[in-house]
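Here the structure of chain A is known, so what remains is to put chain B in place on it, guided by the hints.
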Amino acid sequence: GAVVSQHPSWVICKSGTSVKIECRSLDFQATTMFWYRQFPKQSLMLMATSNEGSKATYEQGVEKDKFLINHASLTLSTLTVTSAHPEDSSFYICSVSQGAQETQYFGPGTRLLVL
Amino acid sequence: SQQGEEDPQALSIQEGENATMNCSYKTSINNLQWYRQNSGRGLVHLILIRSNEREKHSGRLRVTLDTSKKSSSLLITASRAADTASYFCATDIGGFKTIFGAGTRLFVKA
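Same order as they appear, the protein sequences are chains A and B.
For the first sequence, my numbering assigns the number 2 to the initial residue and increments by one for each residue that follows.
For the second sequence, my numbering assigns the number 2 to the initial residue and increments by one for each residue that follows.
Calculated directly from the structure, the hints in this document are not laboratory data.
A few of these clues could be false.
[As the list claims (entries may be wrong)] With a Cα cut of at most 35 Å, we get these calculated DSBU-like pairs of lysine-lysine:
#1 A/K65 with B/K71
#2 A/K56 with A/K42
#3 B/K71 with A/K42
Predicted model only: the values in this text are computed from it and were never measured.
Next comes chain A alone, as it looks inside the complex:
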């Protein structure tokens, strides 16, 4: 399956700052990547679908101006949490898919703690 990396794996920041998380597909060119958020002991919630060269598709209830997604190339998507607040503290995970109706391969996740 595809190998996906995320950077950073851990980030602690002050309230009001912006944090950028990178998701890279290391061995596969991904036209579509996905961003999920997972709160402690809960399931994954899809935030947005990131499309290379076009705007991301956000799920209902996810603020696109707060969670900026850029899919600049076939191997890199970034998620920027703007003006982060403590309630944004969560585990953010990206995934890539090799096509519609195919397996999603997940990155190791990024744990964000906003103080």
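Okay, now just chain B, sitting in the frame of chain A:
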């Protein structure tokens, strides 16, 4: 409400026993996938079963899918302490959209 709901929410068994987890969903699906997540880590893909398949095996894993009942089960045979993790089902409902269940926390005692 969630597309995928799993039961039990938590399961504790002895090493060597079998573990069965169930997943139910509401809408039609293209496929259903099972993932494992160790605490604080990313998800590891276990098995994908398509809507026209009824059963799949991979090592000690057996997955069934009953589209008439909108349910799936994951069976782990001869469990090991290393199988301790959370297990999630995820349904592909089309349009690149995958919805995750709440997960089952499995604890295998050595």
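Against which earlier hints does the structure fall short, listed by number upward? Per hint list: zero violations.
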